[in-house]
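There are 2 protein chains.
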Amino acid sequence: MKNVKLTLEYDGTNYCGWQRQSNVITVQEEVEKRIGEIVGDKVDVIGCSRTDSGVHAKAYTCNFKTNSVIPPEKFYLVLNSVLPDDIVALNSKEVPIDFHSRFNSKGKMYSYTILNRSERPAINRNYVYQYGHNLDCDLMREAAKYILGTHDFTSFKSTGSKVKSNIRTIYEAKIIEDENKVIFYITGDGFLYNMVRIIVGTLLEVGEKKIIPLEVKTIVEAKDRTKAGRVVPAKGLCLEKVMY
Amino acid sequence: MKNVKLTLEYDGTNYCGWQRQSNVITVQEEVEKRIGEIVGDKVDVIGCSRTDSGVHAKAYTCNFKTNSVIPPEKFYLVLNSVLPDDIVALNSKEVPIDFHSRFNSKGKMYSYTILNRSERPAINRNYVYQYGHNLDCDLMREAAKYILGTHDFTSFKSTGSKVKSNIRTIYEAKIIEDENKVIFYITGDGFLYNMVRIIVGTLLEVGEKKIIPLEVKTIVEAKDRTKAGRVVPAKGLCLEKVMY
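So the protein sequences, as listed, match chains W and B. My numbering puts the first residue of the first sequence at 1, with every later residue one more than the last. My numbering puts the first residue of the second sequence at 1, with every later residue one more than the last.
It is worth saying that the hints were derived from the structure and are not from the lab. Honestly, I wouldn't trust all of these hints.
Capping the alpha-carbon separation at 20 Å, the derived lysine to aspartate or glutamate pairs in EDC-like fashion look like this [claimed, not checked]:
#	chain 1	residue 1	chain 2	residue 2
1	W	241	B	179
2	W	58	B	179
3	W	181	B	179
4	W	181	B	178
5	B	58	W	177
6	W	58	B	178
7	B	181	W	86
8	W	145	W	189
9	B	58	W	178
10	B	181	W	179
11	W	181	B	177
12	W	174	B	178
13	W	174	B	179
14	B	58	W	119
Derived CB-CB ranges, DEER-like [claimed, not checked]:
#	chain 1	residue 1	chain 2	residue 2	range
15	B	172	W	176	24 to 32 Å
16	B	103	W	225	56 to 64 Å
17	W	21	B	118	29 to 37 Å
Note that the structure is predicted; figures quoted are calculated from it, not measured. Just so you know, even glycine gets a beta-carbon here, dropped at the ideal spot from N, CA and C.
Okay, chain W solo, but in the shape it has when bound (with noise of 0.2 Å):
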């Protein structure tokens, strides 16, 4: 019995989410069924975490178990012939037989990408939240350093997921300008339900002056979802990389 890592991009756009749900269509559920097909058998592929339904992936990494005589390193490229446009797998290897996606993980990094402009997108228009307001990055990068490190970060959590802890650290947050696009980077050792979603909504508040860069601060401590901004839309997050 092998365990094979795999690295997978994903178009979120037409699935929700990796979780197989009954009645809908899953990134997980493809790719065990396109497993399932390649080694005659039926796998549970573990994932490195959920993520939401529209939300894209450029390094997913996942593990299964099987007894496949495909050369581990070489499996990806089989997986690749019967998955559909939409998903890729990057490279796969064997790793130890504990190994697991999601508890082994370090750390991950999200991007979420706004397109700047007053006109909706037609190119790239399932990649990028368009939000056409005036926003000053540099005093979205000041409120940024506020959630740097470790809190409880029950303010950027949605409802919904039930977790032991909301104590969560973050490493890095960047905010990079290109063109008329403005591009978070947000790193830390692992996220809550809607977190990176809400931390830019909240960042966003702060670019259109809505609130000063310390309020994060003071919504950062008040452990209270209905201080911290909304929500933005799934379409504008990928996961960018899982550190191990």
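Please arrange chain B on chain W, whose structure you already have, making use of the hints.
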């Protein structure tokens, strides 16, 4: 009667190019139909160029004449309310009655985007040409100098188009590397049928060291389509801007 100039962004994936044709869906047909609904009359929309099936545009210009009472500078907002997701109008304005989007154009800039990796893309798959070969961008830059200036570009024209002259002027040819992407920006006074895609196909041969940069000079001088490279796929091509 007013002459209204429109700037459109469109995702060309689902269209057989700009120009109206029977039995296929084109951008021109879609835009004419929507404008017709707004003004309550049939309109002819004059485009700045044909674009091929699957080619995108970030700033395609076109114009139409109308007696509509909608202020020209607001027309694009009304149009956006009825255009499909993959076409958006970025602005509109009144222009002199004799303005013609194609005849008055002084030049165009196209981009061509290569995803330089071994695996096909899932994200952005309709906007890039995946080409997984080692590419020496400096060699391609050296070769690109030979297409600058005024030349007979017969070697870079697909058959099937009838134009009076194959002489065109290329003002600039830039090659940008951005992570695993290689983006060509080519600016000229006009382009022959498939010219940008054949230029890129030829430069790729240089990048792969199949031919030396100086060979591109010989290819230009040959005025022989069989000497140049292949036509690279449409989806990597995007009309960036039109100069007047």
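Consistency of the hints with the structure:
Distance hint between residue 241 of chain W and residue 179 of chain B is fulfilled; the C-alpha atoms sit about 15 Å from each other, no more than 20 Å. Taking the CA atoms of residue 58 of chain W and residue 179 of chain B, the gap is about 13 Å. The hint holds against a cut of 20 Å. The suggested pairing of residue 181 of chain W with residue 179 of chain B holds, with an alpha-carbon distance near 17 Å, which does not exceed 20 Å. With a C-alpha separation of about 16 Å, the suggested pairing of residue 181 of chain W with residue 178 of chain B holds against the 20 Å cut-off.
This hinted pair checks out: residue 58 of chain B and residue 177 of chain W have alpha carbons roughly 19 Å apart, not beyond 20 Å. For the given pair, residue 58 of chain W sits about 16 Å from residue 178 of chain B by alpha-carbon distance, which is consistent with the 20 Å threshold. Taken as a hint, the residue 181 of chain B and residue 86 of chain W pair is honoured in the structure, with Cα atoms around 19 Å apart against an allowance of 20 Å. Taken as a hint, the residue 145 of chain W and residue 189 of chain W pair is honoured in the structure, with Cα atoms around 16 Å apart against an allowance of 20 Å.
For the proposed pair residue 58 of chain B and residue 178 of chain W, the alpha carbon gap of about 16 Å is at most 20 Å, so the pair holds. Proximity of residue 181 of chain B to residue 179 of chain W is assessed by CA-CA distance (about 17 Å); at most 20 Å being required, the pair is judged to hold. Taking the CA atoms of residue 181 of chain W and residue 177 of chain B, the gap is near 19 Å; set against the 20 Å cutoff, the hint holds. With a C-alpha separation of about 19 Å, the suggested pairing of residue 174 of chain W with residue 178 of chain B holds against the 20 Å cut-off.
With a CA separation close to 18 Å, the supplied pair residue 174 of chain W and residue 179 of chain B stays within the 20 Å bound. Proximity of residue 58 of chain B to residue 119 of chain W is assessed by CA-CA distance (about 12 Å); at most 20 Å being required, the pair is judged to hold. At about 26 Å, the beta-carbon gap between residue 172 of chain B and residue 176 of chain W stays in the expected band of 24 to 32 Å. A beta carbon spacing of about 59 Å between residue 103 of chain B and residue 225 of chain W agrees with the range 56 to 64 Å that was offered as a hint.
Checking the proposed 29 to 37 Å range against residue 21 of chain W and residue 118 of chain B shows it holds: the Cβ atoms sit about 33 Å from each other.
Hint check: no violations occur; every hint is consistent with the structure.
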